[in-house]
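Asker: Listed below are the residues making up each chain.
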Amino acid sequence: MDKLLVSPSPHLHAKTSTTSLMRDVVIAMLPAVVVSVLFYGWSELLIFGVSVASCVLLEYLITKYLLKRPCTVGDWSAAVTGVLLALNLPATTPWWVVLIGAIVAIGVAKMTFGGIGQNLFNPAIAGRVFLLISFPTYMTDWTRPQGFIGNGLDAMTGATPLGMVKEGGISAVADLDYLDMLFHNIGGSAGELSALAILAGFVYLLVRRVIKPYITLSILATVAIFSGIFWAVNPAEYTGPLFNLLTGGILLGSVFMATDYVTSPMSNLGGVIFGVGIGVLTMLIRYFGAYPEGVSFAILIMNSMVPLINKWCHSRKYGRA
Amino acid sequence: MMKTFSIGGIHPADSKISKDCRIEVLPLPSKVFISMAQHLGAPAVPVVKAGDKVKAGQVIAEPAGFISAYVHSSVSGTVKSVGPRKDIAGNNMVHVEIDVEGDEWADGIDLSDKLVTEIPEDVKAILEKIKLNGVVGLGGATFPAHVKLCPPPGKKAECLILNGAECEPYLTSDYRIMLERSREIVVGAAIMKHVLGGCRTVIGIEENKPEAIRVMSEAVAELQKSAKGYEGISVMSLKKKYPQGGEKQLIDAVMGRQVKSMGLPIDVGAVVQNVATSLAVYEAVQKNMPLVTNVLTVTGDCLPADRQHNYKFRIGMPLSYVAEYAGGVPEQAAKIISGGPMMGKAIANPDAATVKGSSSLLYLTAAQTVRQAESACIRCGKCADACPMGLEPFLLNKYARNGMMDELEENAVQDCIECGCCLYSCPANIPLLDIIRIAKGDVIRIIRGRAAQKK
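From first to last, the protein sequence lines are chains U and C.
Converting from the first sequence to my numbering requires adding 184 to each position, the first position being numbered 1.
Converting from the second sequence to my numbering requires adding 34 to each position, the first position being numbered 1.
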């Protein structure tokens, strides 16, 4: 010991870092990843590979050659976007469509705003919505590819439950098995396959204190209450709470996408307002919109409200009640 | 449900490695250097000069204002010099240098360890003794104790809170005195209670110190049975959470009340004193013993178990003397802290002298304490969740870096208690408190300037 370090307090740190938090998010998504690969096989694995590799590589190239700044891929945030984007795509998506999605997610939605911490919209959702609008055929092709297990389940192909309701009314989904949906949903994006896998990730994120439950729970509660009221009034016309909670991207969106630090409000109250907004917009789109599913649009719209919500919602201060 | 404060807070590992080390008395060094700035407020004015003979416990400096305190010699000997010497931060401050000769104490000091439980009646005389014996708050801020015990006219103390939280990791000096000097602490509490008009008195201790809770409760029960003036004193166990020992947080935890911004605890009827201060009050009032000793912890993960210590020291002993006596500075130590790791000061000058408020020599390794490079804010909100004042450090950081003083004031930067929870929690390693601390100083200057203009 030759020289003493001198710096202002505090002298200890929690040792939580951006990297450790992002790595935890990736770990939390693993159950959903594993389930989708098991049921959708090699083509799903390819999508994950292309998505993660292109997101990470793009961020590397952009920081190094375009922005000429220290490279930030080491913080795992590009990997999070990659996994999340893949979870948001049908298992049949061609690799080049995935690549375009990654370019929009990282290149446009994230890096043009200044990289991590600066983006207004969730990169993965921006990528997904861009693809949904640009390549509707690919993005709504719900054919189930050959998986490693569960080949007998592909009785219904070509539509998600939400799509079936939009097409053929509520009677089209009269004989859905909810228990089945809990473990491996009938059709949809990779990440929409298993509600349990997503909930396992949710529990992990809560236990590791990566996220707080307010946003997720307020979205789910809003969806349940909103659909519950409509269903109670007219069950022949409107789908019920259980159906709306277990189908489509509501779980994936509320656990992994709406809780994105950068694009969600800072305060707990703000988080609840944000969540209620997403829930209401999702249900409005599902019941009355042109698209069968509205979670992505709802999150994007509410992302744009975050600066306003942050402006009006502050934390409760000591001694200033 | 155990009580704690209602906003924010963090849970660092408590690392009380030295908690089972009994208090040992440090032998006298050949020289002490007694600082004139041992308390919050104006430095004291020396009343001795080179060549003077002094006894231990003799006044060597007088207060230089209302918020200031007497300073006494901690040893007997000859004053060698009165002049500038570097303090722990390396700044010059007037010190009285004394060559130690024998160990002779000034007249009128009761050196016996006989417990005196009878509480004097005359409040004025008690306050005078506390003041003359140089008692200051030993919880960190070293605010002169008698000032806190004289509520301004129109304000009345409803609850005296004794702070035994010791929420800073590593520190164990308060814990040890609660185990070894419990009855003296309770007598001190009863004296302060009497001064404040007999209000309710709560000794707040965190649940991670069950022994202290037990011993202090027993001391209270014993004194309530055997002597007069001890009614209304109780021990409250608190949920472990940092910064429980923050004055504002402790008031919230114990009384469920919050001190208004820029207000004082007495505004909500609270007076908070540290357990070590209570011990000093006992010594001053019952034994006429000035505040010339205190207990400090020598600890750190890089010290083996047999080199962890709690020492009773005389003020003015150089820190380097304490370190040497304890076996030297460990090889792996990269930083030495005086105080806790959350709010303590990094020692720039290990040769500086101990002061009344010295509470530790804490050795931290580079792996523990070197800060990581700052990266972009990811807006996770962990700083806001951690802030026990309910502030939004991420926002204050942004305003401060852009010099937005009005916004800083609107968002209550002046309420920051500098506990360090924000910086501790930030995953992007943003030096939040460093920046907020500077902004807070600027904003408080603006507020004071405005108030001065109005007058």
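Check before you lean on any hint, since a few could be wrong.
Said to hold, decoys possible - Restraint ranges, calculated between C-beta atoms of paired labels, are given here:
1. Ile478/C <-> Arg392/U: 34 to 40 angstroms
2. Ala400/C <-> Leu251/U: 54 to 60 angstroms
3. Tyr475/U <-> Ile478/C: 52 to 58 angstroms
4. Ala382/C <-> Ile409/U: 55 to 61 angstroms
Claimed, not checked - Mimicking DMTMM-like on lysine to aspartate or glutamate, the simulated pairs with C-alpha atoms at most 25 angstroms apart in a straight line are:
5. Lys187/U <-> Glu441/C
6. Lys501/U <-> Asp301/C
7. Lys501/U <-> Asp335/C
8. Lys495/U <-> Glu96/C
9. Lys248/U <-> Glu408/C
10. Lys495/U <-> Glu441/C
If you are wondering where the hints come from, they were derived from the structure by calculation, not from laboratory data.
We put the CB at the ideal spot given by N, CA and C, even for glycine.
Asker: Does each hint fit the structure? Answer for all of them.
Answerer: Here is how each hint holds up against the structure:
1. Ile478/C <-> Arg392/U: 34 to 40 angstroms: Holds, at about 38 angstroms.
2. Ala400/C <-> Leu251/U: 54 to 60 angstroms: violated (32 angstroms)
3. Tyr475/U <-> Ile478/C: 52 to 58 angstroms: Holds - the Cβ-Cβ distance for Tyr475/U and Ile478/C, about 54 angstroms, lies within 52 to 58 angstroms.
4. Ala382/C <-> Ile409/U: 55 to 61 angstroms: holds (60 angstroms)
5. Lys187/U <-> Glu441/C: violated (40 angstroms)
6. Lys501/U <-> Asp301/C: It holds: about 18 angstroms lies between the C-alpha atoms, which stays within 25 angstroms.
7. Lys501/U <-> Asp335/C: violated (36 angstroms)
8. Lys495/U <-> Glu96/C: Distance of about 52 angstroms is beyond 25 angstroms: violated.
9. Lys248/U <-> Glu408/C: It holds: about 19 angstroms lies between the C-alpha atoms, which stays within 25 angstroms.
10. Lys495/U <-> Glu441/C: With a Cα-Cα distance of about 12 angstroms, the restraint between Lys495/U and Glu441/C holds, given a limit of 25 angstroms.
Checked against the numbered hints given earlier, the structure breaks hints 2, 5, 7, 8 and satisfies all the rest.
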